[in-house]
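Novice: Using the sequences and the accompanying hints, generate a full structural model.
These are the residues of each chain, in order.
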Amino acid sequence: MPEWRRSLLRLWSSRTARAGALLVLLYLGAAVFAGLAPREPREIDQTKRLKPPAAGHWLGTDELGRDVLSRVLHGSRLSLLIGLLSVGAALAVGVPLGLAAGECGGVVDLVLMRCVDVLLAFPGILLALAIMAVLGPSLTNLMLAVAAVNVPVYARQVRASVLQVRSLDYVLSARALGASRLRVVLRHILPNIAGPIIVLATLGIGTAILEAAGLGFVGLGVEKDAPEWGTMLASAREYVLSHPWVVLAPGVAASLAILGFNLLGDGLRDWLDTRAAAR
Amino acid sequence: MTGTLIARRVLMAVPTLFGVTLLVFAMAHAGGDPAVAIAGEKAPRATLERIREEYGFNRPVLVQYGSWLGGVARGDLGRSYKTRVPVAEELRQAVPATVELATAALLIAAICGIGLGILASLRPGSLLDLAVMTVSLVGVSVPVFFLGMVLLVAFQGRLPGGGMLPLDVEFEPSRTGMVLIDALLAGKPGIAAEHLRHLLLPACALATIPMAVIARLTRASMLETLTSDYIRTARAKGLPSRTVVLKHALRNALVPIVTTLGLQYGTLLGGAVLTESVFAWPGVGQYLVRAISEQNFVGIQGAILVIAATFVAVNLAVDLLYTRIDPRIAHA
Amino acid sequence: MKRMRTAVLGLLAAVCAAGCGKSDPSVETGTIVYGRGADSKSLDPQAIEDGESVNVVSQIFDTLVAFEAGTTRVEPALATSWTASADGLSWEFAIRPGVQFHDGTACDAAAIAWNFRRLLDSKSPDRHGMGEPPYGFLYEGIEGCEARGAAVVFTLKAPNAAFLANLAMFPASISSPAAVGQWKSDYGRHPVGTGPFRFGSWAPNQKIVLEANAGHWGGAPKAAKVIFAVIPENSVRLQRLKAGELHIIDGVSPSEFDGVRAEASLRLLLEPGMNFSYLAFNTEREPWNRPEVRRAVASALDKKEIIALAYSGAGTPAVNPLPPTIWGWNGSIQDRPYDPAGAKKALADLGVAGKELDLYVMPNPRGYVPNPANVGAVVKQRLEAAGLKPRLLSPPWEGGLYVGELKEGKHDIALIGWITDNGDPDNFLFTLFHSSAIPDQNHARYRSAEFDDLVSRAQRETAPEKRAELYRRAQERIFEDAPILPLVYMPNVAAVRANVEGYVLHPMGLVRLKGVSLKK
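Protein chains in written order, with our numbering: chain A, 1 to 279; chain B, 1 to 332; chain C, 1 to 520.
A hint or two may mislead.
[Stated by the list, open to error] Straight-line C-alpha distance at most 25 Å; calculated DSS-like pairs for lysine-lysine:
#: 1; chain 1: C; residue 1: Lys-466; chain 2: A; residue 2: Lys-48
#: 2; chain 1: A; residue 1: Lys-51; chain 2: C; residue 2: Lys-345
#: 3; chain 1: C; residue 1: Lys-225; chain 2: B; residue 2: Lys-188
#: 4; chain 1: C; residue 1: Lys-466; chain 2: C; residue 2: Lys-157
#: 5; chain 1: C; residue 1: Lys-520; chain 2: C; residue 2: Lys-466
#: 6; chain 1: A; residue 1: Lys-48; chain 2: C; residue 2: Lys-304
#: 7; chain 1: C; residue 1: Lys-222; chain 2: C; residue 2: Lys-123
#: 8; chain 1: C; residue 1: Lys-242; chain 2: C; residue 2: Lys-514
#: 9; chain 1: C; residue 1: Lys-345; chain 2: C; residue 2: Lys-304
#: 10; chain 1: C; residue 1: Lys-242; chain 2: C; residue 2: Lys-222
#: 11; chain 1: C; residue 1: Lys-355; chain 2: C; residue 2: Lys-344
#: 12; chain 1: C; residue 1: Lys-222; chain 2: C; residue 2: Lys-466
#: 13; chain 1: C; residue 1: Lys-304; chain 2: A; residue 2: Lys-51
Think of the hints as simulated: they come from the structure by calculation, not from any bench.
Specialist: See below:
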């Protein structure tokens, strides 16, 4: 590959990361400063039903006269909460499982990976739907469902990374020097697979936001009047032809947030790859 | 690849499927009271007791699982709490609809994705490349149900917004269950064309994510092969660039793409759940969402089991295909 | 390279352009397509309880007597006349001669008596595992039914004012005994009656096709065929009505009313219904066991606002637990005024400011509340404004989960409603508020000896005016004690294409397609 092309690709990748970071920052900003939204997200007003975007209501109002902008902003807070907590929970379970499977091998590996296979035999959204159908709709259950769907994904990825690094020289030498298994895993393996895990988690937040919105859309999300993007889309759905802003606002917001995490994740991955290649 | 390897792969799918049945059964039985689901909320307590007796809900859970699993092995998924029709029969109508939708989406995704990927790879870094990459990135980020709604608005009045056929058209897809194929087989191109118009929007909505994934993959793998030594040799030999791109580069780039197509098929089955509910497409996804809202756990069980089993089967097929192609790449 | 690119682009264009042509649905004259949100569960009249099953059953079957158009009075159907004994315990019905089931067998007195034995006798072998009819409770007062020559005679356990109305209800539809015997447990998929339409085919979750019964005793129906099509999404259903694929739809969401009115090719039908929605307080729980608290909450809510926001203006504020379309309605009760400041102060004075509460709101629309989520959002907001801390809970309706939790008394306040079974006030006031209806339909868990006495006396009273007076007094008790807060009387709604003739909404929500035709 000629140098100019390689640099071009690197340029592209950094542009990806930059665009992603910008979108994610915008999204984080919206979530952090949602409290400064012009209106209470649940404040209803029967005199202001379905008003198109205008001064005072920059994204218009919905069928209960609620300010769409304020709801979308608060929606970012809710989706961030869901994204962070569910990905965090999935990592907290998935990473140790993946480490155990990769490091121990043998029966542990076999049993764990069989379980992972079973869970991965369900398309993600389907598993989440089924879990929600059993647990019933609530914010906690939503996060649990989204986390549960992602545990096997993380476990499998971490295991694969462990297998890659465990035969590297420094790991072998650490073992040769008599370091305990736990120490090897925590001090030598984990730091070396942190990169892929970070990429996975970044992309995972996007996926979590997407899955949460999908569950909200089929009515298995959070409290019915909560400003959650999928729930907003579901209740706005009958206005899609007559009052499109009620649909467009949460839909575009969700798309941008997911896009941001996807871009950032991709950029990080490329960057890690080139760094690995350079090493 | 040897026969024993194939046999091993297939055997490995068995415990997975077994685990799937266990999980599906456990989930269905953690839900509400099936007796109430059957008899309705006005039913007196004596009726509920009798139903528990009749359906065997008062037996030990393991016994219930055993008899359910036995039924599944015979193709009997139980009777729907709601309609009292065998779930297998209801799914026989719903599954072909989903398969048709997912297949159409996969075709669109493959054609558009590979096409866009090639276009982008020919002039890396160009405006066109940038546009294709942007579109594909946006494509994986837009929730499919939101995209569906946007398509509905955009094509309002020009393309039908739901269902598989106009309601007054009498047509029973009796051979494969897929309207398009059966209509063509029955020599009714008019119905097939009408069905195609209904299929277009949901298939396009569903196709976006795999299309985006395939476009990116095609671009990447084309870039790799286009810069490889033997393509440069081919060019140096003065072969016309169209021949180089199509005959040499694309063929090599196709291998990972085919693999991805197979894997995407499973994702499409999952995505169909949401797409079907936007476009009133009477497939497994819509069936499942309705079964959930009706707390019809026999239906939920059946639908999830069928999707998961298909998913496992497709993944297995891809797996076998891949191990089969793999050595050839090594020698190419 | 250029040609290559053109080829790819051309391919893309072809895919995108495929089938963008204009459709021309060749609507066959004489076929009425009725669009609805869900499929029927069964077409065995005795095995059903849901509206989607009832609506189809009403086309295929006849009953002994039928509700007149627009009222809850009954008129002759399969019975041409009837007489009651002086004590009201024995009723004799003369059966219309010469009526045949769709399968050609005779619908005579013996066949009719057979149907009632199937309905009443829980050990009847003719049920073929159907189980207890969900609406069997309407007929519990019937001691026996037998054929006597060309007549059918009923014996009642006690005089029952609602007996005739119950005979006009769908569970009392007359099935062909031969067909039930032939199909057994599968009869619900192969119904055979005497009605204006015969069963044609059923594609589950898609459509049910019925064909005209030209030999119907009341004359042939105008349409040759009727299709009941399932389109779950309200907006999609309306769109397909606009496209001309459907002729009649139900479940039009209030938000679409203006859109339908504005469309020249469509008509919106609105008729007062026989239902009401309400908030049930759990009167066994602190603080809702105190009438003052319940009355204070009542003045914290603006029913007009709820109607404007969650019903798109369609609906009337409800004052009584009985709609004005049903006799015995008390029109003299004046509702409490909306007074948010007063309510907040009253609640604070009563020591319930800041009280956390579980507000139950069903997840799916019901006939009496088209958008429960929005009602919930408005009620929650107003209760918050009054100083309470509500939390919205929406367990699934189907499978009895929602009502099940209400029966267990898990709610503080719950949104619920009632649609008449038979058009009788007893079916509202006794069914919903008598203490014996705890934990069944009495979701407020209301116990009042005085109220119980009023509605029990009304059940035994035979003089209509005296009954009505008892019911008016019962409504005053409910208003005073406020175990529930009536919200809205919801009209029956349908949208039809402008060329649909002869479709009339019945106050009980019955669908009748016999007289419907399409104007060219």
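Novice: Compare the structure with each hint and give your call.
Specialist: Status of the hints after comparison with the structure:
Distance check on the hinted pair: Lys-466 of chain C and Lys-48 of chain A sit about 48 Å apart at the alpha-carbon level, beyond 25 Å; violated. About 33 Å separates the Cα atoms of Lys-51 of chain A and Lys-345 of chain C, which puts this hinted pair outside 25 Å; it is violated. Taken as a hint, the Lys-225 of chain C and Lys-188 of chain B pair is honoured in the structure, with Cα atoms around 23 Å apart against an allowance of 25 Å. The hinted pair formed by Lys-466 of chain C and Lys-157 of chain C meets the criterion: a straight-line CA distance of about 22 Å does not exceed 25 Å.
Restraint check for Lys-520 of chain C and Lys-466 of chain C: not satisfied, since their Cα atoms lie roughly 51 Å apart, outside the 25 Å limit. Proximity of Lys-48 of chain A to Lys-304 of chain C is assessed by CA-CA distance (about 15 Å); at most 25 Å being required, the pair is judged to hold. For the hint linking Lys-222 of chain C to Lys-123 of chain C, the alpha-carbon distance of about 41 Å lies beyond 25 Å, and the restraint is violated. Restraint check for Lys-242 of chain C and Lys-514 of chain C: satisfied, since their Cα atoms lie roughly 23 Å apart, inside the 25 Å limit.
Of the pairs offered as hints, the one joining Lys-345 of chain C and Lys-304 of chain C holds, with about 22 Å between alpha carbons and a cut-off of 25 Å not exceeded. Between Lys-242 of chain C and Lys-222 of chain C, the direct Cα distance comes to roughly 23 Å. Compliance with the 25 Å bound is thereby established for this hinted pair. As the CA atoms of Lys-355 of chain C and Lys-344 of chain C are separated by approximately 12 Å, the hinted pair is consistent with the 25 Å bound. Pair hint Lys-222 of chain C plus Lys-466 of chain C does not hold up; C-alpha atoms about 43 Å apart against a cutoff of 25 Å.
With a CA separation close to 20 Å, the supplied pair Lys-304 of chain C and Lys-51 of chain A stays within the 25 Å bound.
Hints 1, 2, 5, 7 and 12, counting from the list given before, are not met by this structure.
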